[in-house]
Amino acid sequence: MSRFLATRFALVSSVSFASVALLTVAAGCRNDPVEQAIINSLPADSSPNGAEHRAGQPCLVCHDAYGGATPFAVAGTVYGLDATTKALVPAANINVTVLDSNSGDSRKACTNAAGNFYILAANWSDLTFPLTPTAAGLSMESLVGRDGSCASCHALPGASTTGGPQDPVTGASRDSAGAIVVNPAMTDPNCMSTP
Amino acid sequence: MKRAILLLIAASLGAGSLSFGASSCITQGVAACTDASGNPAACACPSESVFTGIWPDGGPPGAAVSEYMTRRCGTLDCHGTETRPMRLYGRLGLRDPLETNVSGGKATTPLELTDSYAAVCNVEPEATQAAVEDQGASGELLLIVQKARGIEAHKGGQVVTQGSPGDNCIAGWLREDDSATVAAACQAAINGL
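Residue numbers (our numbering), protein chains in the order written: chain A, 1029 to 1223; chain B, 3 to 195.
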């Protein structure tokens, strides 16, 4: 009887040890406090996961090796201004071209109904920086130094927390260039045919 | 007794670290070094005019070192980030907290140029002073050059190749090359971006 109990105890102990070890390994995959804090600070989003979710948020926070979602090379959200209210509205069917200034290589993407666009990391494995993006024919004045998430620098109104004045329309502030705003009428016919 | 001695040593080390931390605390401007007489003085740094482009007489044609560095290094996702060392300010990047400008707004201000100059000089204040004292002979050994060339580990990777316009802009300033040569290199580097 006592032998049976000892065997059983040893078995339970082994399983417990293995479980703890597995949990530790799993937890170790998401132990970056900086990245995790950014993920935790993202505003809630009611739309279901998909190409139109979390518009205006820094995509690569989750869409990278740490976040675990399908990795992106570059992704962001493009807006237009409502003709009447002058409020930000998603700009759909806009052609976004991203040029790798080092190699001269480029990729194109189209914005969807939420204004979101993305270029999969798998489709640009040899990407280097800096990048020069163009949206609806408008080239970015500065360069993208290293962050593929447009919204890391192009924060929406109210998103910057460093204080100081903010542009009420775009949200441009001391540490943010504000939302990416283009003429929403500058759609690309090739984008419209994209399913 | 042994324990008491160890505690005393530990306490002394702690106090030493604290006093070092306090004396090397820099709020604004170029860090403090010591002059030839051993008195505290601002660390020497290569020409502020070549870096900022602010010249009493207009300066040479071309661009300032700061123009190239803020454009290539000072983007909002690199050295234009509040939490990153060698913080650079400029019109298309981070704006100075003592002013009320927004990114992409009004032109880079004199205060931003001065603060960027201090940020670059303060990466290695003593070594930068040494480069000034040896007339730029050790300028290329500074971290700014070594990181830009990708010789030292740099999160942003290799930014310039040795002898390229960008390299001649930054290293040329630190080597104290002729101001017209540096300005022309900086302009060529900007044109190539």
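No lab work stands behind these hints: they were computed from the structure. Mixed in with the good hints, there may be bad ones.
[Said to hold, decoys possible] Only some residues are given here: those of chain A computed to face chain B with a beta carbon under 8 Å: (1) Gly-1096; (2) Thr-1125; (3) Asp-1128; (4) Ser-1129; (5) Ser-1131; (6) Asp-1133; (7) Ser-1134; (8) Arg-1135; (9) Lys-1136; (10) Val-1172; (11) Cys-1181; (12) Gly-1186; (13) Thr-1190; (14) Pro-1193; (15) Ala-1200; (16) Ser-1201.
[Stated by the list, open to error] Subject to a maximum C-alpha distance of 30 Å in a straight line, what follows is the list of computed DSSO-like cross-link-like pairs (lysine-lysine): (17) A:Lys-1114 to B:Lys-149; (18) A:Lys-1136 to A:Lys-1114; (19) A:Lys-1136 to B:Lys-157.
Just so we're clear, the structure is a prediction, and the values are computed from it rather than from any experiment. Yeah, the Cβ is synthetic: ideal placement off N, Cα and C, and Gly gets one too.
Legend entry - Cut-off 8 Å, beta-carbon criterion: hint that Arg-1135 of chain A touches chain B: Violated, about 19 Å.
Legend entry - Interface hint status, Ser-1131 of chain A versus chain B (Cβ within 8 Å): Because about 13 Å separates Ser-1131 of chain A from the closest Cβ in chain B, which is outside the 8 Å limit, the hint is violated.
Inset, instruction - Would you check whether Val-1172 of chain A satisfies its interface hint, that is, whether its CB is within less than 8 Å of any CB in chain B? - result: Val-1172 of chain A check passes; min Cβ-Cβ to chain B is 7 Å, inside 8 Å.
Inset, instruction - Using Cβ atoms only, decide whether Cys-1181 of chain A comes closer than 8 Å to chain B, and label the hint accordingly. - result: Given a least distance of 4 Å, the restraint on Cys-1181 of chain A holds.
Inset, instruction - With chain B as the partner, please determine if Thr-1125 of chain A meets the hint condition of a C-beta pair closer than 8 Å. - result: violated, 17 Å
Inset, instruction - Classify the hint on Ser-1129 of chain A as holds or violated, based on whether any CB of chain B lies nearer than 8 Å to its CB. - result: holds, 7 Å
Inset, instruction - Would you check the hint for Lys-1114 of chain A and Lys-149 of chain B, treating anything up to 30 Å between C-alpha atoms as holding? - result: It is violated: about 44 Å lies between the C-alpha atoms, which goes past 30 Å.
Inset, instruction - Identify whether the interface hint at Pro-1193 of chain A stands, where standing means a beta carbon of chain B within less than 8 Å of its own. - result: With a minimum Cβ separation of about 5 Å from chain B (threshold 8 Å), the hint on Pro-1193 of chain A holds.
Inset, instruction - Compare the distance between the alpha carbons of Lys-1136 of chain A and Lys-1114 of chain A with 30 Å, and conclude whether the hinted pair is satisfied. - result: holds, 28 Å
Legend entry - Hinted contact Asp-1133 of chain A with chain B - closest CB pair below 8 Å: This interface hint is violated because 16 Å lies over the 8 Å limit.
Legend entry - Per-residue hint verdict: Asp-1128 of chain A, partner chain B, C-beta under 8 Å: violated, 13 Å
Legend entry - Hint check: 8 Å Cβ-Cβ cutoff, Gly-1096 of chain A to chain B: violated, 22 Å
The structure fails to meet hints 1, 2, 3, 5, 6, 7, 8, 9, 12 and 17 from the earlier list, while all remaining hints are met.
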